[in-house]
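Spelled out from the first residue to the last, the chains are:
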Amino acid sequence: MSTHRELIRRALGPRVQFVQGDDACAYGAVLAGCTFFAGYPITPATEVAERMAEILPRIGGCYIQMEDEIASMGALIGASWTGAKVMTSTSGPGFSLMQENLGYAIMTETPCVVVNVQRSGPSTGQPTMGAYGDMMQARWGTHGDHEIIMLCPASVQESLELTIVAFNLSERLRTPVLVFIDGELGHMRERLVIPEDHEFELWERPRATDRAGYRPFAPGPDLVPPFAPFGSGFRTFVTGLTHNEEGLPRASSATIHDQLVRRLAAKITNHLDLITRYEEFYADDCEIAIVTYGITARTCRDVVEEARRRGIKAGLLRLISIWPFPEHVVARWAERVRAMLVPEMNLGQIVHPIREAVAGRCPVVLHSRIGGELHTPAELLEALEALQWQPA
Amino acid sequence: MATGLRIKTAAELRTSYLRQEMFPTIFCDGCGIGNVLNYTLWAIDEVGLDLDRTVFVSGIGCSSRLPGYINADGLHTTHGRALAFASGVKAANPDLTVIVFTGDGDGAGIGGNHLLHTIRRNMDITVILVNNFIYGMTGGQSAPTTPDGGFTTTTPYGNIEHPMDVCELAKALGAPYVARWPVVSPVQPVKSIAEGIRKRGFALIEMLTPCPTAYGRYNGLKALEQIWRWYREQTVLIDEWEWIEQFGSPEERERLRGKMKIGIFQDTERETFEDRWAALVARVKL
Ligand SMILES: Cc1ncc(C[n+]2csc(CCOP(=O)(O)OP(=O)(O)O)c2C)c(N)n1
Ligand code: SF4
Ligand SMILES: [Mg+2]
Chain A
1 MSTHRELIRR
11 ALGPRVQFVQ
21 GDDACAYGAV
31 LAGCTFFAGY
41 PITPATEVAE
51 RMAEILPRIG
61 GCYIQMEDEI
71 ASMGALIGAS
81 WTGAKVMTST
91 SGPGFSLMQE
101 NLGYAIMTET
111 PCVVVNVQRS
121 GPSTGQPTMG
131 AYGDMMQARW
141 GTHGDHEIIM
151 LCPASVQESL
161 ELTIVAFNLS
171 ERLRTPVLVF
181 IDGELGHMRE
191 RLVIPEDHEF
201 ELWERPRATD
211 RAGYRPFAPG
221 PDLVPPFAPF
231 GSGFRTFVTG
241 LTHNEEGLPR
251 ASSATIHDQL
261 VRRLAAKITN
271 HLDLITRYEE
281 FYADDCEIAI
291 VTYGITARTC
301 RDVVEEARRR
311 GIKAGLLRLI
321 SIWPFPEHVV
331 ARWAERVRAM
341 LVPEMNLGQI
351 VHPIREAVAG
361 RCPVVLHSRI
371 GGELHTPAEL
381 LEALEALQWQ
391 PA
Chain B
393 MATGLRIKTA
403 AELRTSYLRQ
413 EMFPTIFCDG
423 CGIGNVLNYT
433 LWAIDEVGLD
443 LDRTVFVSGI
453 GCSSRLPGYI
463 NADGLHTTHG
473 RALAFASGVK
483 AANPDLTVIV
493 FTGDGDGAGI
503 GGNHLLHTIR
513 RNMDITVILV
523 NNFIYGMTGG
533 QSAPTTPDGG
543 FTTTTPYGNI
553 EHPMDVCELA
563 KALGAPYVAR
573 WPVVSPVQPV
583 KSIAEGIRKR
593 GFALIEMLTP
603 CPTAYGRYNG
613 LKALEQIWRW
623 YREQTVLIDE
633 WEWIEQFGSP
643 EERERLRGKM
653 KIGIFQDTER
663 ETFEDRWAAL
673 VARVKL
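Residue numbers (our numbering), protein chains in the order written: chain A, 1 to 392; chain B, 393 to 678.
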């Protein structure tokens, strides 16, 4: 009998492959221990589901194609309560449909990972074209006060690695985690090296051990309640209504609501050390900074090198975790640079929290591109040069 | 009793199966949802279910509050989505018994598509659908089940839409077990719920349940005796219904109009999603 880890290795195949970003998200999930996937086909995310449909039965997991994305998110949460690590994938229209149940997962502290391979909207928009139009929907799409965790890979390799991180954060903090790529990255093929088990950590959700006096939503030391899966005899009642630490509805209590919702937010904002990820180029002497994320950051790296050759002290801050917004990191850059250029594949979304973090310390210039094409190095160089000659 | 049922007293059921700290319930005086809970507990007792291994799932509505009262794992989800969540529980851990409480609005209105597809997949889930012809929790708006001409806060001049027959739908989709009973007598519902739980595959038990507050108020069904008489008079057993349709006089057939067919609509076998998935895994697992 092979161990589960051996099965995973055999299902994933050769250690070095030439695959798409979508495939890499699926591989990352399987490596992280995901055994349940519920989804609904949508371009350009379909390949994530296809890979999971191939792999999961081969490792004894479960794949289920639901009737829509509302149901996918519902099934995901149900499966997570049996103790399984779970994932779904979608694109803009489907992500819109998931919002209500995403909020339910936040409220009920249900670990789950959602991959969004973004495409152009609004509405059906450009199904096969990449975009980053859901960055703010991710933050505020579901109703009510909440925090959300979102990671934004920039390569196929990183899509795999950050999907593992997404599972780790989701399990450890018992909250949904979003992995946001786009149609370009999702469908782009690159060399992928599948890491060995000793090259990454796996975190599990905190488990309840003692049935006596168990209160399913009483927070543990880092504000995360220990989890008891359905069927383990702990008899947990789970509701999206405001609930007390026993899990019982207390929908009219201002105090209980206030305590619960503030704790759900704090368990995330208290763990920025686990969540926050970014990459810096030429941070030390940078005068004109590009601040960006996702696939756009790859163009920007070359642009910064070229700008340096032309005598511009350019630098790059690549945000990897977008939510909670790494305000302190951006603020630190704002102290030192003369201007910031923010290229985005939308009409301006992450530029807003950037401006909030910069708080007027330097000009922040948005460089939008929509329609499905990436920014060209030439246009970004031109924008950098324009900023270079702007009076301080 | 013919079913061999030894009926426990309400007090016995409470201590065995309910969360004491959740009482009193949110239900109005005269509401039939309490009866549905009662019948479900009798059925569970009769089947001998292990509540440590049973999950109760629901959506949103008065009827969907039921899992909160039962001392077992419970998942009180979003409006209309109970079957999607329940499918996730069952698919991920087929060893658990999954019972869904849903309303007519929850299960047949907003959640209608999930009903369709959960039946199509034949998930081994028992669904107890509380049909009170109305959106009770939100104060009495029309539902997909509101009878022709019925008065609700959003059909103040009478309902002009055709009501849907959830059991006929489930039967047409091939659900292995489908039954409809009014709450007015316990024996048939208890038996059907028990059969539904024992059935390997999707089971739907639709309970015609009075809501004196929201539906009763606008349709002359507020007083308890009157309500229960109405449910007896308005329901016709399937066999009798079919006999009248085939052999009845025009007057007899005319009397069926607006009435509701009750009984067991379907009782068959069909392979479940979980069994087929397990077979697939056995075939392709590395
Ligand atoms: C998405 C969404 N839409 C609307 C509501 C408001 N709502 C709560 S309960 C309910 C109707 C419930 O009707 P039914 O399922 O028949 O349950 P009953 O209260 O009659 O038992 C509605 C519309 C909601 N909670 N969520
Ligand atoms: S509103 Fe109707 S369904 Fe809801 S508790 Fe009251 S009587 Fe029951
Ligand atoms: Mg109703």
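Hints in this document: simulated from the structure, not taken from any laboratory. A hint or two may mislead.
Stated by the list, open to error - Some chain B residues close to chain A (C-beta under 10 Å, calculated; not the full set):
#, residue
1, Ile452
2, Asn463
3, Gly466
4, Trp635
5, Gln638
6, Pro642
What the hints assert, rightly or not - Restraint-style ranges between C-beta atoms, simulated for each label pair:
#, chain 1, residue 1, chain 2, residue 2, range
7, A, Asp222, B, Glu404, 54 to 60 Å
8, B, Lys677, A, Trp140, 40 to 46 Å
9, A, Arg336, B, Leu672, 55 to 61 Å
10, B, Asn505, A, Arg191, 40 to 46 Å
11, B, Val676, A, Gly220, 25 to 31 Å
12, B, Ala615, A, Thr269, 51 to 57 Å
13, A, Thr255, B, Val673, 28 to 34 Å
14, B, Cys420, A, Asn244, 43 to 49 Å
15, B, Ala670, A, His143, 37 to 43 Å
16, A, Arg215, B, Arg592, 51 to 57 Å
17, B, Met556, A, Pro41, 25 to 31 Å
18, A, His143, B, Asp631, 57 to 63 Å
What the hints assert, rightly or not - A short, non-exhaustive set of chain A residues, derived as facing chain B with CB atoms under 8 Å:
#, residue
19, Arg10
20, Gly13
21, Pro14
22, Gln17
23, Ile59
24, Trp81
25, Gly231
26, Gly233
27, Leu248
Yeah, the Cβ is synthetic: ideal placement off N, Cα and C, and Gly gets one too.
Satisfaction of the A:Gly13 interface hint, Cβ to chain B closer than 8 Å: violated, 11 Å
Please test the hint of 54 to 60 Å on the beta carbon pair from A:Asp222 and B:Glu404. Since the Cβ atoms of A:Asp222 and B:Glu404 sit about 43 Å apart, the hinted range of 54 to 60 Å is violated.
Tell me if the interface restraint on B:Trp635 is satisfied: Cβ within less than 10 Å of some Cβ in chain A. violated, 38 Å
Falls inside 51 to 57 Å, the C-beta gap from B:Ala615 to A:Thr269? Given about 55 Å between the Cβ atoms, the range holds.
Would you settle whether the hint for A:Arg10 is holds or violated, based on the nearest Cβ-Cβ distance to chain B being less than 8 Å? holds, 5 Å
Would the hint on B:Gly466 stand, with a C-beta cut-off of 10 Å toward chain A? Holds, because the Cβ-Cβ distance from B:Gly466 to chain A comes to roughly 4 Å (cut-off 10 Å).
Is it true that A:Arg336 and B:Leu672 lie within 55 to 61 Å of each other by Cβ? holds, 58 Å
I want to verify a distance hint. Is the separation of the beta carbons of B:Cys420 and A:Asn244 within 43 to 49 Å? violated, 24 Å
So, A:Ile59 near chain B? Judge it on the closest CB pair being under 8 Å. holds, 7 Å
Is 51 to 57 Å right for how far apart the beta carbons of A:Arg215 and B:Arg592 are? For B:Arg592 against A:Arg215, whose Cβ atoms are near 36 Å apart, the range 51 to 57 Å is violated.
Pairwise beta carbon distance, B:Val676 to A:Gly220, judged against the given window 25 to 31 Å: violated, 39 Å
Does 25 to 31 Å hold as the CB distance between B:Met556 and A:Pro41, or does it fail? holds, 29 Å
Going through the hint list in order, the structure does not satisfy hints 4, 5, 6, 7, 11, 13, 14, 16, 18, 20, 21 and 22.
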